[in-house]
Amino acid sequence: MSGQSYSLKDLASKVNGDIVGDPNLIIRSIATLQNASPGCISFLSNSKYKKFLSNTSASAVIVNRENAVELQAAGIVVDNPYAAYAVISALFNTYPNPYIGNEINYFVHSTSSVDESVIIGPNVYVGPNCKIEKNTIIHANSSLVKNVHIGRNSIIHPNAVLGSDGFGYAPNKNGYTKIEQLGRLIIGSNVEIGAGCTIDRGAIDDTEIHDGVKLDNQVHVAHNVILGQDSAIAASCAIAGSTTIGKNFQMGGLSGVLGHLDIVDNVMVGAHTLITKSISKSGNYVGIMPAQDHKDWAKSSIFIKRRKI
Amino acid sequence: MSGQSYSLKDLASKVNGDIVGDPNLIIRSIATLQNASPGCISFLSNSKYKKFLSNTSASAVIVNRENAVELQAAGIVVDNPYAAYAVISALFNTYPNPYIGNEINYFVHSTSSVDESVIIGPNVYVGPNCKIEKNTIIHANSSLVKNVHIGRNSIIHPNAVLGSDGFGYAPNKNGYTKIEQLGRLIIGSNVEIGAGCTIDRGAIDDTEIHDGVKLDNQVHVAHNVILGQDSAIAASCAIAGSTTIGKNFQMGGLSGVLGHLDIVDNVMVGAHTLITKSISKSGNYVGIMPAQDHKDWAKSSIFIKRRKI
Amino acid sequence: MSGQSYSLKDLASKVNGDIVGDPNLIIRSIATLQNASPGCISFLSNSKYKKFLSNTSASAVIVNRENAVELQAAGIVVDNPYAAYAVISALFNTYPNPYIGNEINYFVHSTSSVDESVIIGPNVYVGPNCKIEKNTIIHANSSLVKNVHIGRNSIIHPNAVLGSDGFGYAPNKNGYTKIEQLGRLIIGSNVEIGAGCTIDRGAIDDTEIHDGVKLDNQVHVAHNVILGQDSAIAASCAIAGSTTIGKNFQMGGLSGVLGHLDIVDNVMVGAHTLITKSISKSGNYVGIMPAQDHKDWAKSSIFIKRRKI
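Chains as they are written, first to last, in the numbering used here: chain W, 69 to 377; chain S, 69 to 377; chain G, 69 to 377.
In short, the hints are calculated from the structure, not lab data. One thing to keep in mind: the hints can contain errors.
Note: identical chains are not told apart, hence a pair may lie in one copy or across any two.
Computed cross-link-like contacts, DSS-like style, restricted to lysine-lysine with a CA-CA straight-line distance of at most 25 Å [as the list claims (entries may be wrong)]:
(1) Lys-202 with Lys-345
(2) Lys-241 with Lys-367
(3) Lys-367 with Lys-118
(4) Lys-202 with Lys-367
(5) Lys-345 with Lys-119
(6) Lys-116 with Lys-77
(7) Lys-241 with Lys-373
(8) Lys-315 with Lys-349
(9) Lys-349 with Lys-82
These figures come from a predicted structure and were not determined experimentally.
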């Protein structure tokens, strides 16, 4: 890739680790234990992969204190190898601003303000009344529709839509009257919004995505949702309107939360599950219909439909 | 925001309402009862919020006849406060054409026709054989692939894809032969297509989205679906190919309908539900596996798998 | 549309079919049996539509040998009418390169290589370290983020995102540390990626989409997934990280597969189903909670929650 290289000493100092072997060893990339080649650093954080430690071609391995004795060559010893790997991965990030050096077309409405440190990709649309703070990145082909505020150090991945119209209509005799969506979307700092996500602005009050939230790709968040700090939501989930969710919420992929609910802090929801009621007790909630061989499923399915209460 | 203001008399006349208090009172924005400040108009449509009526700082409140006696200050009395709120919300819409005043790049194929009243956002792609009628809006970063007709007064939200290739292949010895998709996508008038939606054009005959349909964000509609007038579909749903759906269909988020089905008028489907058979009787259909605490779910799950028919 | 026309002889030779009627008959388009008009060719592949054969206005019909005796007018007799229709559909494809004749803005990073035969639509973003091989098409408003390789004859539909950041974080005391995603996304030849799909590049090793894979719209594939040859996945599905899937996998819409699983060749998964365990036996797996009238569902639902193991 782009040729960054670091001494083992450099890397150890970034993660407050103890060096095993030559501190001047040069590391050029990160690899898994199985696929490493000389010049690579690897890490062991899941005991399932311990079997690969003795045969790896990695020049160095990040390990915890317990596994330090099993190092075949050089290494860095830390309390939490996975956290250390995360820190070191950033050093090998190539092209943190990939838009340098090409002419970029994007649109910022005259009523919006974008800090000069913000990186904006090609074809980004920033509509009226938006404000984007320091060191945030808005990647290619994203649309910030209206009334969107984004804090510092956040990342909006490509083709996301922020501040879109909430789904609000009043029924009338001939169909529906559209309710104009006059609120804002307030996104905090250190937030990541995945590729292809859609987050609506509020109808009157605001939609809020608090600091540290991480959304995977293709997540939908409806108008007037409040999503608490450090929540992490996997791909293809949807949260319906006016639901308030506490801190550290986690949700597996393809799951949803109905509207107008209250969810306390520290709730985990499994994949492919729908939350239909407010949750007042932190914990782990699941609602998957078990997948089975088609014949067995057909029998279970008939059973469920026949038995009532 | 942009400084529209209206007298109470102006607003009352828009919704055929009766004025309580000073007709010349100036209203500058809309707010909820809880968050209103002086200069705001609010509304009471859900009895759950009646408790906020006595303490609101709103200068005026839209209420029904029953609640008119409880008005603390000025107000507008109507039969349906929610419908009145919808009408008045449009008056406070800022920047109905947010693309004015910037240079816009978009693409319209030489075989396509776009009425001069149509608003097109930046980076919109309009491919061959498309026709877009009066007063429709195509928002930023949307793609109209091929053979797409859109009626009047419709809104296509950002990053939607219309007229994409249907998912059609004929199996062959070595995999699949692509079936070119030669049909059209016909979208009616007063339709809204949410951000990030994808709607395929027909394989041979057309895909049809009838007048007044509202799609929330990230909805997928496959080729040759016919979706009846005034249907409303919540976020992250999918409708499979060649299914015909009647008028006033409603579907909660993350739900789906299998292909080649017929659904009559006036069917409502809950969230996170799959419809696997044609529906010949209007009504309310649900197929959610209840979410439970993980331990309880595990027991229910084993029970379902063990008991057959 | 664009006025291609073919003699019946021309068409029969493309599909190795036997001609019934005038070999010089001119065919101008394809239509279904029900909606055909003179000048059209139609096909009969599903016996359900046999009733339309006697009254169709099609000038010619593609049929199998069994149905050849029922032809009212001209036709082409083949072993597999559906496969023949697929081949002939390509002849009537209008504007295979719809981007000719307009000025196109797109972005290719200086470190990336795109074969000169590749068709690129407007507003496409191709970031660092990408390689796109012969005759592949990248449609409008798509983003190739980083480290994306695409083989020959593949089609990327509009507004897709390829090579996006995988959803990887290491928990720390104050939230999460981002894990930079350093791997690649390797897409084979003859692949189609639907509109609005998102496919993440690998964290360290690569994400792989093998030859002949077809993804419908709005499918999400997480980092380090390996998806086997000729797999076909319907709309709005999601596959979680590090799952390895064999050849000929098929999955209905709105379904998912959890992470770190192994799925053998020739597995079919129904719509709206979650796969939570590795699958070592090919076959057909389903996990749908049956949709019912709301009252019946409520009873079944209480029953499920009360009965444990």
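Verification of the supplied hints:
For the identical chains of this complex, Lys-202 and Lys-345 are neighbours neither inside a copy (38 Å) nor across copies (43 Å), given an alpha-carbon limit of 25 Å. Neither within a single protomer nor between protomers do Lys-241 and Lys-367 lie at most 25 Å apart by alpha-carbon distance, with minima of 45 Å and 34 Å respectively. Taking identical chains as interchangeable, the C-alpha atoms of Lys-367 and Lys-118 are never at most 25 Å apart, the minima being 43 Å within one chain and 34 Å between chains. Taking identical chains as interchangeable, the C-alpha atoms of Lys-202 and Lys-367 are never at most 25 Å apart, the minima being 58 Å within one chain and 50 Å between chains.
For the homomeric pair Lys-345 and Lys-119, the shortest alpha-carbon distance between copies (23 Å) is at most 25 Å, but the shortest distance inside one copy (45 Å) is not. Taking the shortest Cα distances, Lys-116 and Lys-77 never come within 25 Å of each other, neither inside one copy (28 Å) nor across copies (63 Å). When the C-alpha separation of Lys-241 and Lys-373 is checked against a cutoff of 25 Å, the pair qualifies neither within a copy, at 37 Å, nor between copies, at 41 Å. Taking the closest pair of Cα atoms, Lys-315 and Lys-349 come within 25 Å of each other only inside a single copy of the chain (13 Å); across copies the shortest separation is 41 Å, beyond that limit.
In this assembly of identical chains, Lys-349 and Lys-82 lie within 25 Å of each other by CA distance neither inside one copy nor across copies; the values are 39 Å within and 46 Å between.
In summary, the numbered hints that this structure violates are 1, 2, 3, 4, 6, 7, 9.
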